[in-house]
Amino acid sequence: MMAQPEARQPKGEPEELLLAQLASGSSQAFLEVYRRYARYVATIAFRLLGEDSEIDDVVQDTFLQVSTGIDGLRDPKGFRSWLATIAVRCVWRKRAQRRRRQFLRKTLAVLGLSRSDPADRQPVDELYDQLDRIPERCRMPWLLHRVMGETLADTAAACESSLTTTKRRIAEAEERLERGRDA
Amino acid sequence: MLEDSVRRVRAREVPWNELRQAGTLRRIEKARAGSRGPGSSRHIAIVMAGCVALMAIVLGATHLHRSRTASTPTATTATAAEPDGETVLRLADGSVAHQSNGATVQVQAVEDERTELLQTRGSVRYEVVPNARRRFVVRARDVDVNVLGTIFRVDVHPGAVTVHVERGKVEVGQQDRRVRLEAGEGITFETGEGAEGIVANGVSAAVVDSGVTTVDPPPTSGGSIPPAQPHGRGLQRPSALSLLEQADRARAAGDLDGAARPLQLLLQLFPNDRRGSLAEFMLGRVESARGANAEAARAFGACLTHGATGALEEDALAEWAGAEARSGNTPAATSLARRYLATYQGGVHRRAMQRLVDGEN
Chain A
4 MMAQPEARQP KGEPEELLLA QLASGSSQAF LEVYRRYARY VATIAFRLLG EDSEIDDVVQ
64 DTFLQVSTGI DGLRDPKGFR SWLATIAVRC VWRKRAQRRR RQFLRKTLAV LGLSRSDPAD
124 RQPVDELYDQ LDRIPERCRM PWLLHRVMGE TLADTAAACE SSLTTTKRRI AEAEERLERG
184 RDA
Chain B
79 MLEDSVRRVR AREVPWNELR QAGTLRRIEK ARAGSRGPGS SRHIAIVMAG CVALMAIVLG
139 ATHLHRSRTA STPTATTATA AEPDGETVLR LADGSVAHQS NGATVQVQAV EDERTELLQT
199 RGSVRYEVVP NARRRFVVRA RDVDVNVLGT IFRVDVHPGA VTVHVERGKV EVGQQDRRVR
259 LEAGEGITFE TGEGAEGIVA NGVSAAVVDS GVTTVDPPPT SGGSIPPAQP HGRGLQRPSA
319 LSLLEQADRA RAAGDLDGAA RPLQLLLQLF PNDRRGSLAE FMLGRVESAR GANAEAARAF
379 GACLTHGATG ALEEDALAEW AGAEARSGNT PAATSLARRY LATYQGGVHR RAMQRLVDGE
439 N
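As given, the protein sequences belong to chains A and B, one line each in that order. Just so you know, we're using our numbering here: the first sequence kicks off at 4 and counts up by one. Just so you know, we're using our numbering here: the second sequence kicks off at 79 and counts up by one.
Only chain A is shown next, with the shape it has when bound in the complex (with noise of 0.2 Å):
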């Protein structure tokens, strides 16, 4: 059973007039496209992370880089995706910064989970926890695909790797699931 994607692209305003507003430097188009994209980049982030002590952090750092860096979009109906791309990029980096504070992650994941309810507590967890064992090229690919419900197309372009590659490291992170339940 495949998931819906949790979050559309949303109605309003042609995207291509705000995207060339905003490329032109456009302080409401920013506002604009902020408006509407920062729950989808915050689901993103607490989907990949997997709780919520660094969602304010991505949603930060993706905005930031897409309002430096919006010249660099060459088709404005790939928005959505560049977006995806530039938010799996900032997790990347803050998972990084999380192994390197090993002593850190287990409080900060305390403090996220405690916000949900308590009887999914056990089960989530143990699925982070096994996700945290498997390598971050397959981690990512399988969130996106599986939990947020992206299309496989949508998942490669935003871990920057081909279709085939997206799949076989989905593949590898079911099989190293399944395996590590079974045990």
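Rather than coming from a laboratory, the hints here were simulated on the basis of the structure. Every residue, glycine too, gets a C-beta built ideally from N, C-alpha and C. A hint or two may mislead.
[To be verified] One side only, chain B facing chain A, incomplete, derived with CB under 10 Å: (1) 107; (2) 110; (3) 317.
Once you've looked at the hints, dock chain B against the given chain A.
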């Protein structure tokens, strides 16, 4: 097994709300403004590092000083009267308390790690800025509300305290009982103060008003809740409280018929009980779940007739409109939705009600 875990992860609400969005935007704007300023980025980085180091020293010294002195509330709040008669209390961290209906809120503490407010009267709508490092607590009599970052309302009535969550989540407690509430949920605690004639069998009751969570009453040494029994000769007459509890337990177990029966019995046995409005509301929810929308509409309407107030009144009106719409009575649904929008301009159900008025449902 794996599928179940994925489902649970997906079911977790993303902790992102308008307050958090606005806070992050402020940080982004600040960073963007900084990056547009004069000087090389290296120079700015050095200056910023210097500032951070200086701030760290100052903060460290302040913290040390605070820890050595007695903990006293910091005067970091401002109160202003709004044109609509509301009084707004603004805290230093950006959190806001909108006070109405003669509300009284005392600031007990505003510190780095904790903010504590005491609400003794009236209705207050709190907008709390998220801060994982700071504990934000609102106390109303023996009820305490623990917040991470959310918008919620606390109403202090004679004999009861109601908490209703608009966004985010809170944890509410009375004595040793805790319950988590999510957006759209509410709870009413009966409290001892001013509750003459409400406390049954010496038991201080806690009852849910949005039909989602069940809270057992706090244990007391003198009283116990009698099990609900059929009403008849030689049998003990069940109390209104025990019937409500029986309905809650049945509903939590998914037994809708078992939930409806004690509620109908309560309304029959205690037609003048003040919990009648709550019973009608719960019955409305049960009937909705059973797909009996006309019955549900009747129950929600009766909830209002029974004198529901505050969050319960607002929820009942919205539910009534929804039930009428589902039962195909569009004119009634539209009329009720309009009434809701006119009464609760900032209400939590306003979007759903607007959709009804617009004819989208």
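Checked hints:
1. 107: holds, 9 Å
2. 110: holds, 6 Å
3. 317: At 30 Å from the nearest chain A Cβ, residue 317 (chain B) fails the 10 Å test, so the hint is violated.
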